[in-house]
Amino acid sequence: MANVPDNLHYSKDHEWVRVEGDTAVIGITDHAQEQLGDVVYVELPKAGEEFGAHDSFGSVESVKAVSEIFTPISGKVAEVNQSLADEPEKVNKDPYGEGWMIKMKMSKSGEVDSLLTAAEYEDFTKAESE
Amino acid sequence: MRYIPNSPDERADMLEQIGVASTEQLFESIPENLRLREHLKVPAAMSELELLKRFEDIGTRNQAAQRISFLGGGAYSHYTPTIVDHLISRSEFFTAYTPYQPEISQGTLQAIFEFQTLVCQLTGMDIANASMYDGSTAMAEAVLMAERVTRRSKVIVSSAIHPQYLEVAHTYVQHAGIDLRHALYCTELGTTLPESLSALDENTAAVVVQSPNFFGCIEDVSALAEKAHNAGALLVVVVTEAMSLGLLRSPGACGADIVVAEGQSFGVPLSYGGPYVGLFATRDKYARQIPGRLVGEAYDKHGRRGFVLTLATREQHIRREKATSNICTNEGLIALAATIYLETMGRRGVQEVAHQCAQKAHYAAREIEKLAGFSLPFSAPFFNEFVVRAPASASPMLDQLAKEKGIDGGIALSRFDSERPNDFLVCVTETNTREEIDALVDGLASFTAPV
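Residue numbers (the working numbering), protein chains in the order written: chain F, 1 to 130; chain X, 1001 to 1451.
No wet-lab data here; the hints were simulated from the structure. Even for Gly, the Cβ is constructed at its ideal location relative to N, Cα and C. Certain hints may be false.
Said to hold, decoys possible - If the Cβ cut is set under 8 Å, some of the chain X residues that face chain F in the computed set are: (1) Thr1313; (2) Ile1318; (3) Arg1319; (4) Arg1320; (5) Lys1370.
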């Protein structure tokens, strides 16, 4: 059973968001990394790039496929996790910790509230796999 | 591909196995009114002897093939050792593409891996793909790749690039949102000066330059690379005469980020429409943006060496519209010919051919320049092609030379640029003898300007 921490917000594209002040830390969920298999490459944007909600901000390449990753909320990229360039396996090992992907300065404060809670996300993935 | 014959008995056996009475019955689902009942209107079969005679007759009508040739401009006459055709004709190798179940064909993958290694060595780059359709499509793909890598949309192309390569690039990018700008070449040197890159800015993805360029002139690639890099743009180097890589400093050593080339010079015969083979090489850090197929070296759990298609997840059959390119194949057989050519000739062999090309071309240029009324309009160094300015219109002069002396003396540039009526492009390779060059000079001498 995939790990779904309570303190995060989730998207239907299988990204998670952790709010730190006006910044959102974004990564992909434990369920997503399980589905992808061994991640071999993560393509990320540059700091300063702006995205709307549900925009593609990069891609995750596993041995099986290359998948788009989407911004759950809108904002400007403040920082990207450079260490994933050399250690993409962090996405598999620690998706909610060292496997984080980008930090975004949120442009619309209310947007995170429209995302799924941990319980809702669990139900969503269950429904999706049925 | 194996030839598998079958006998009437075997056919009867197969029909019985699937429960069909006759071959005719297999076509029953095709409506009667759509079926052809009379014989096809084709001539009667010829015997092998008659057929060979017929093709020989047709062949002799191709007079251009029998002329002494000084034609280049993107397709080059070089000697091909007989081993090349002998080996590529082996049934294990005789396929146009990477196979659909590639890993079962380890020999094919090993050959492609060796091809990629040779391309890296020649271009001075880190990584090369399994080949592209030809040099021009490789250049167009390099333009698209530069846009992906930099996420910038303007690309500056030198106007001294082969005009047909530029046309292919325009065709490729016209709906890709890429703004293709031309940088004018210097009409005295015949090369692209860094000062001509006035359109270069923070939105420029790449500067594309051909060296030796369409006029045969060798570009100052290092200076152009520096200028491009200062603006955060990539430098793409195009090579149409790959033999030049045997003599000139490699584009990689000069700072190129992507090197593309036409590989026809390496053991591939001249033919109208190809097939030719495109070389594509770049830096390691751009590996995931390289178009087409890549063969990688791998080891199994017993430590035995093997070969696999790698990074296939970027390709169109898996990634659809997000793929790096719509090319999911390569020029398998032609790349193999180039590989066998290069491995047969070896480092010294390729250097020797390149050296002879350059020496003979420079001899020809010196002799032609001595003729009254003839001159060389460009002063930049050249490899085995150079532009000659005739005292009168070049096109009728070259036609007359072909007709009366049996010499194809070059390509009239008026075909590409109406402002160069008297200029023509001469190419000399190792296949041209001293006697042939002297015959060209003698032929041109009859057109010298009256004193």
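These are the hints, each one checked on the structure:
1. Thr1313: Since the shortest Cβ distance to chain F is 5 Å, the answer is holds.
2. Ile1318: Hint on isoleucine 1318 of chain X: holds, closest Cβ of chain F at ~7 Å, below 8 Å.
3. Arg1319: holds (5 Å)
4. Arg1320: Cβ of arginine 1320 of chain X sits 10 Å from chain F, so the hint is violated.
5. Lys1370: Since chain F brings no Cβ nearer than about 59 Å to lysine 1370 of chain X, farther than 8 Å, the hint is violated.
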